[in-house]
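Position 132 of the sequence shown, counted from 1, bears residue number 132 in UniProt numbering, the numbering being contiguous throughout.
Since the hints were derived computationally from the structure, they do not count as laboratory data.
Hints should not be assumed to be uniformly reliable.
Here are the simulated DSSO-like pairs of lysine-lysine, each with C-alpha atoms no more than 30 Å apart in a straight line [claimed, not checked]:
| hint | residue 1 | residue 2 |
| --- | --- | --- |
| 1 | K146 | K117 |
| 2 | K169 | K144 |
| 3 | K19 | K144 |
| 4 | K146 | K169 |
| 5 | K19 | K146 |
| 6 | K117 | K169 |
| 7 | K144 | K117 |
| 8 | K144 | K187 |
| 9 | K146 | K187 |
| 10 | K169 | K19 |
| 11 | K187 | K19 |
| 12 | K117 | K19 |
| 13 | K187 | K169 |
| 14 | K117 | K187 |
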Amino acid sequence: MKKDGGPSLALVIGSGGIKCAAAIGVMQVLENSNIDVDMVVGCSGGAVYGAAIALGFSSDQMIEASAQAWTSDITHRINFSSLLKIIFPKRFGFDDEIGIIDDRIITGNIETIFGAKTAFADTRIPFYCVATDFHTGEPVIMSKGKLAKAVRISSGIPIIFKPLEWENKLLIDGALSNPLPVDVAIKAGADLIIALGFEPPLQQTVNSQRANSGL
């Protein structure tokens, strides 16, 4: 609940890659209706848009951020060492530094958008970013520290991009543990929640796979 006694509104943006750009349209509707968002929770691709909203980006700035984040050159640099470890694990070893794509370009893109030194403390409204513990598979909530690094971690597709360390934990894509982190908003005290989910429910995925396999 807000200090004025009114209900607090959270926007939760789940995983879904570029589909998460739908958050831009949602924010336009809310702004046109003079409805303020009091907190944002982002996971995976949703972390990019969640961070932008929390920092107060306009709709035009968010569209520009989309173009800056998902550039065509992201996959141009192959990490051949990791590739060999995946293909020949017995010979080259398989470790927790595996990442087929060199992440310097995507990291640079995210830092260009948000600033390399920008912190969670610099956001206009609270922002919670969800990642996954590489070793336990449990969700990890990031809400302090460098914003760009948290966004990079949350959206770091496993095997494609290497895990990164955060507060003595090795973290990867939040989509693996909590693709639509509504529970994070609830625990943070949200009274009302707008949730944008782009991944099919688990049962729907299972049923689809069964249908395709003829089971």
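Hint by hint, here is what the structure shows:
1. K146 x K117: Between K146 and K117 the Cα gap is close to 6 Å, so the pair holds against 30 Å.
2. K169 x K144: 14 Å, holds
3. K19 x K144: Roughly 26 Å separates the two Cα atoms, so the pair holds.
4. K146 x K169: With a Cα-Cα distance of about 15 Å, the restraint between K146 and K169 holds, given a limit of 30 Å.
5. K19 x K146: 25 Å, holds
6. K117 x K169: Holds: K117 and K169 sit about 21 Å apart, inside 30 Å.
7. K144 x K117: 12 Å, holds
8. K144 x K187: Answer holds: K144 to K187 is near 16 Å, not above 30 Å.
9. K146 x K187: 22 Å, holds
10. K169 x K19: 29 Å, holds
11. K187 x K19: 26 Å, holds
12. K117 x K19: 27 Å, holds
13. K187 x K169: 22 Å, holds
14. K117 x K187: 28 Å, holds
Hint compliance for this structure: no hint is broken.
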